[in-house]
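Take these sequences, add in the hints, and give me the full structure.
From first to last, the protein sequence lines stand for chains A and B.
Just so it is clear: in the first sequence, position 160 is 160 by the working numbering, and no numbers are missing.
Just so it is clear: in the second sequence, position 70 is 70 by the working numbering, and no numbers are missing.
Be careful, since some hints might not be right.
[As the list claims (entries may be wrong)] Some but not every residue of chain B turned toward chain A, in silico, with C-beta under 7 Å:
id	residue
1	ILE18
2	LEU20
3	TYR23
4	HIS49
5	THR75
6	LEU107
7	ILE109
8	PHE137
9	MET140
[Stated by the list, open to error] With a straight-line Cα cutoff of 25 Å, these simulated DSS-like cross-link-like pairs (lysine-lysine) come out:
id	chain 1	residue 1	chain 2	residue 2
10	A	LYS230	A	LYS138
11	B	LYS29	A	LYS86
12	A	LYS77	B	LYS58
In case anyone wonders, no lab produced these hints; they're calculated from the structure.
Keep in mind it's a predicted model, so treat the numbers as computed, not measured.
No residue lacks a Cβ here, since even glycine has one placed at the ideal position from N, Cα and C.
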Amino acid sequence: MKKQKEIHQEIEAYLQNEMSKNNRALFEKRLKNDVHLRDELNLHISLNNTLNKEQTTTFKESDLENATFKETKALLKSETFQNISKNINTTSNQYFKERNRKKMPKKRLYYITAIAATLVLLIGLSTFLNTSNTTLYKEYNTWNDLPSKIEKSDNQTINIETYYNKKAYTKIIDLLIDKEQNTHELIYLGASYFQLNKYKKAIEIFDKLIASNAIDNSKGYWYKMLIYLKQKDTQKTKELLATITQNKQNYNYQKAIEIIKKLED
Amino acid sequence: MTESEKYLNALIEQNNKITLEIYKKFYPKIERFVLQNNGKQQDAQDVFHDALLYLILKHKEKPLSINSFEAYLFTACKNIWRNFLTKKRVMKDDIIIPMDRETNLILSILEQQRMDFYQEKFQELSNNCKEILGNYFNGMSYQEIVEEFSYKSINTVRQRVFKCKTKLIKLIKLDCRYNKLRQ
Numbered sequence: 001m002k003k004q005k006e007i008h009q010e011i012e013a014y015l016q017n018e019m020s021k022n023n024r025a026l027f028e029k030r031l032k033n034d035v036h037l038r039d040e041l042n043l044h045i046s047l048n049n050t051l052n053k054e055q056t057t058t059f060k061e062s063d064l065e066n067a068t069f070k071e072t073k074a075l076l077k078s079e080t081f082q083n084i085s086k087n088i089n090t091t092s093n094q095y096f097k098e099r100n101r102k103k104m105p106k107k108r109l110y111y112i113t114a115i116a117a118t119l120v121l122l123i124g125l126s127t128f129l130n131t132s133n134t135t136l137y138k139e140y141n142t143w144n145d146l147p148s149k150i151e152k153s154d155n156q157t158i159n160i161e162t163y164y165n166k167k168a169y170t171k172i173i174d175l176l177i178d179k180e181q182n183t184h185e186l187i188y189l190g191a192s193y194f195q196l197n198k199y200k201k202a203i204e205i206f207d208k209l210i211a212s213n214a215i216d217n218s219k220g221y222w223y224k225m226l227i228y229l230k231q232k233d234t235q236k237t238k239e240l241l242a243t244i245t246q247n248k249q250n251y252n253y254q255k256a257i258e259i260i261k262k263l264e265d
Numbered sequence: 001m002t003e004s005e006k007y008l009n010a011l012i013e014q015n016n017k018i019t020l021e022i023y024k025k026f027y028p029k030i031e032r033f034v035l036q037n038n039g040k041q042q043d044a045q046d047v048f049h050d051a052l053l054y055l056i057l058k059h060k061e062k063p064l065s066i067n068s069f070e071a072y073l074f075t076a077c078k079n080i081w082r083n084f085l086t087k088k089r090v091m092k093d094d095i096i097i098p099m100d101r102e103t104n105l106i107l108s109i110l111e112q113q114r115m116d117f118y119q120e121k122f123q124e125l126s127n128n129c130k131e132i133l134g135n136y137f138n139g140m141s142y143q144e145i146v147e148e149f150s151y152k153s154i155n156t157v158r159q160r161v162f163k164c165k166t167k168l169i170k171l172i173k174l175d176c177r178y179n180k181l182r183q
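Following this line, the structure appears as structure tokens:
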């Protein structure tokens, strides 16, 4: 094995591009087989990258296998951190709510004038606006495309989805009403109430989904929003859209942004 | 208890009231920074959230004795957002691997830990080494170093840099943290 000093000299020459073409090729060949040499080179690069302020750090794929990376990842996944993260999110929502509320009074006078001025117009346009809500609803409603778990599940789930497709909504309600429902079941239950025009009941079910600890509890916002959109309750629809767009991870985040834009047009 | 300790403990204990205080006090500045740097409000929100986790993680690893919570938080946000913008960060045969938020956060932490570790070892060098190597890492050319510190020749500087770098690498490798942080 070569001496440490020689190895360093070689690495330095390699990094400074001072090797002949031949030597460079030889060196690269050695790199492929010699773990020790590779580690040594990586440390040199890492030092240059990290300590040189003008360089932007590049990461290597091996960074994703690195011990610290794995440890940190596990920590972030731990219950403690999940809870800490949740608290930050809740507080963040609270903060934005308060901030938006504070912005209101300044604009209130403007709103009152604007509302007064457009009221006459609105009355004339109301029929038109309603159709606009209806068009949006038609474009975005996903009642016939509920999340399916059919590929990996038990008979119960398959039954529920089949009933739903057959429009046997009361059967679904009978089946699920008296049991502890999971996310999937809550969605089908809420959707069934909706299909039977029992909007209030449906909203109750989706509220239950929102309040649950499920990772995809944000689906509840989406379905609730659809119900209000269908009922042409623009105010409530907008409120829910605002909630959905507060977090990118929320279900149908992108679609919610689209709807907000279209409602403004 | 310092301001930083108060905030970090509140975050760890999930104290909603003080967490809200953190948002009120520091969020607007971070939002401005992200908005000015090609970000949207949602990005600012994500970066702020991740930066808080970043501080807690670092604090848990080794209690932070920082004077200014704000300065530290701002640095964390900047690192995270910069890393997110330069997405071609993880390379595999020059192919860009798309990065999610979590990976970005962890890599930002890893980067910071590496930097802290190298800098700690750097401080153990002789004054002369610190000076010459510091300039070298700051992008000064050998020629410029010759002129600045009146060395005899480029070759002398080259040898000096080489010696100091070898010393630094030795110090790093002797430390047991090296194995956990290496690339």
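Here is how each hint holds up against the structure:
| no. | hint | verdict |
| --- | --- | --- |
| 1 | ILE18 | 9 Å, violated |
| 2 | LEU20 | 5 Å, holds |
| 3 | TYR23 | 4 Å, holds |
| 4 | HIS49 | 5 Å, holds |
| 5 | THR75 | 13 Å, violated |
| 6 | LEU107 | 5 Å, holds |
| 7 | ILE109 | 6 Å, holds |
| 8 | PHE137 | 4 Å, holds |
| 9 | MET140 | 11 Å, violated |
| 10 | A:LYS230 / A:LYS138 | 9 Å, holds |
| 11 | B:LYS29 / A:LYS86 | 22 Å, holds |
| 12 | A:LYS77 / B:LYS58 | 16 Å, holds |
Hint check: violations occur at hints 1, 5, 9; the rest are consistent with the structure.
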